[in-house]
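**Student:** Sequence:
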Amino acid sequence: MMKVYTFSVLFICTLFASAQVDTTINNILEEVVITAQHEKKTVGESVHLVRVVNRRQIAEQAAVNLRDLLRMETGMRVSQDNILGSAISIQGLSGQNVKVLIDGVPVIGRLNGNIDLSQINLNTIERIELIEGPLSVNYGTDALAGTINLITKKQKKTGRKIHINNYWESVGQYNTDGDFSYKKGAHIIGLSGGRRFFDGWNPNDAFFKFPVAEPADTNRSIQWNMKGQHFGKLDYTFNKGNFHFSPYLSSFQEKITNRGFPKLPYYENAFDDFYYTYRNNVGIKLKGKLPWGDDWNILTAYNDFKRIKNTYFNDLTTLESTLIPGASNQDTSWFGTVMSRGSFIYSNELLRSSFEFGYDANFEQNAGRRILDNKQSIGDYAIYATAEIEINDNVVIRPGIRTSHNTAYLSPVIPSLNLKYTKGDYTVRGSYASGFRAPSLKELYFEFVDINHNIFGNPDLQAEKSHNFSGSYLLSKRMDNLFVTFNQSVFYNHIFNLISLGLVPGTEEYSYINIGLFKSTGMSGDINFNTSKINALIGWSYIGRYNHVSEFRAVEPFSFSPELRSRFTYSMAKLNMKMSVFWKYTGRTPSYNIDGDDEIQLGFVEDYHTLNLTITKNFEKKGVSLSLGGKNLMNVQNVGVTGGGSVGGAHSSVGSAIAMNWGRSLFMSINYNLK
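If you read the sequence shown in our numbering, its first letter stands for residue 566, the second for the next number, and so on.
In case anyone wonders, no lab produced these hints; they're calculated from the structure.
Treat the hints with care, as some may be off.
Below, in silico cross-link-like pairs of lysine-lysine (PhoX-like), each with a Cα-Cα straight-line distance of 20 angstroms or less [stated by the list, open to error]:
1. Lys820 - Lys748
2. Lys726 - Lys798
3. Lys1139 - Lys1187
4. Lys1084 - Lys1042
5. Lys940 - Lys874
6. Lys874 - Lys820
7. Lys871 - Lys605
8. Lys719 - Lys820
9. Lys1240 - Lys1187
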């Protein structure tokens, strides 16, 4: 594998040596970021180490949703559960420690602690800003491992803009979406919507799959469930002078069909599950300047999330369906969150400093049969402050602190300190940050008792708290017509008061308790080459996850796993064409467990490769863009699991393997841009 990788590096360097390049080179350090910033800054100016995935890169990957995009990023692992959806791991920490935002508004509706990334569509997203490590001073709970902020498109030019996209993939994906925006004077109105449909997939399916009526036989139960989504958004923006006013309304619906295997002995009956997800969001953004020039902004939103499960008994001969009663067969969970975040920025050019003072208020409710008294709520009300101080032309420091009052537990005080040193072509960053994860309403008030379960929440839980230390080195070099960046970062995480599900002593009850700790450490980096024709990236990571068994057995405290990835894009300006290749190697992941005989068992999740190809042709006069390509070209479907290894979800296992991808596929995407 390393020989192949070395050859790839030499091949890319040869291409650079022979490329005819003009003087226009896109400097990746000039990407503008806003996440956790006092004002708009470029990637190079930010005290935080920020990774930006822009609209061009989204299109090159033909990424439909956030899952498609992040699974090819270095240091990020995306797993799949066919019922609960996809989940992400950053810096070796699980998705419950990752904050996902859309224009600064938290995405709610975690299942098993994770946000389903496949429910976050990218049709209206301009760019994605990724910051690894805690940002709890600014964004509160869950922002331990990292923060993902999706920035939506903004209409900048006067007039109308219409975009329509159609996407087809050979495994049975059929997507259509569009957005319309119109700007006149200080007013902008936007409307977007779309439909996603996946017909489900089985390893024995034909390569080209089309939706047709199928017999109700043993093939009705499939490995990748059928899924349909509908979504829309309406927004309005008023910009005049320094005042900005922008209300919005969005809605999302999803249906997952989980068909059961026909029952013995005659295969005439089957149980089918249907999972419905509803997301409705409304909010308003306000920002402006005070008479003396300082900035202020307020963001207020209400987010509503509902998930329904229905189980039916189907007669496959008469096609009649009967709703099955019972808490495990029929269930509805509802979450509602009201949030408001505001800040005031004071800048002093004489002191070469800026100061941010803000508040962050959140009130969350959860209702369902498995919640104590069927409904519970929790409130968190915080104030925070940060400062950016230029010590001299080379050094910037950024201290921060957050304190809050929570209605259910004692909130920790959260400090942070960031440092940036720049001299010439290189930049060194270092940081210490504390983070926390508040116990969820499920962990506090869960109540599930039946013949197979006896689980209760714990209202006395405390927040998980973490310490993160990180450092990075960035070298950027312009050599004639070639722009190169080299980035290397290291990190260490220590989480204590870890919330785990454990047996209550002297009983047969299980409850959530603050008993565990977790650590992760590692490094990641990349080298990026840019010319007018070629963009190439080689990335790597080596991340260690804590072995709990090491506390009482003689095993290594960390289990390390490598990742490698490369991205290569070649532009043919005369033909208005572009070819992009994406490859990622996800290394073998070891883990230790104790078996039933009290013996140490070493398990592995095996390694695998992901390879995608995209070719794009632009017809500028007609406003049409055509993309063709292939995904999962190495046809990796299931990843082997041996011993005590585990990955993915409870609903995605296939024997001693985990369903990681559907099979090799071809896709086509047609984009229309009308004015």
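**Student:** Each hint should be assessed against the structure and marked as holding or not.
**Tutor:** Structure-based check of each hint:
Taking the CA atoms of Lys820 and Lys748, the gap is about 35 angstroms. The hint is violated against a cut of 20 angstroms. Distance check on the hinted pair: Lys726 and Lys798 sit about 16 angstroms apart at the alpha-carbon level, within 20 angstroms; holds. Proximity of Lys1139 to Lys1187 is assessed by CA-CA distance (about 16 angstroms); at most 20 angstroms being required, the pair is judged to hold. Among the hinted pairs, Lys1084 with Lys1042 is inconsistent with the structure: their alpha-carbon atoms are about 35 angstroms apart, more than 20 angstroms.
Straight-line distance between C-alpha atoms of Lys940 and Lys874 comes to about 18 angstroms, which keeps the hinted pair within the 20 angstroms bound. A hinted pair counts as satisfied when its Cα atoms are at most 20 angstroms apart, and Lys874 with Lys820 qualifies at roughly 10 angstroms. Between Lys871 and Lys605, the direct Cα distance comes to roughly 35 angstroms. Violation of the 20 angstroms bound is thereby established for this hinted pair. With a C-alpha separation of about 30 angstroms, the suggested pair Lys719 and Lys820 falls outside the 20 angstroms cut-off, and the hint is violated.
As the CA atoms of Lys1240 and Lys1187 are separated by approximately 11 angstroms, the hinted pair is consistent with the 20 angstroms bound.
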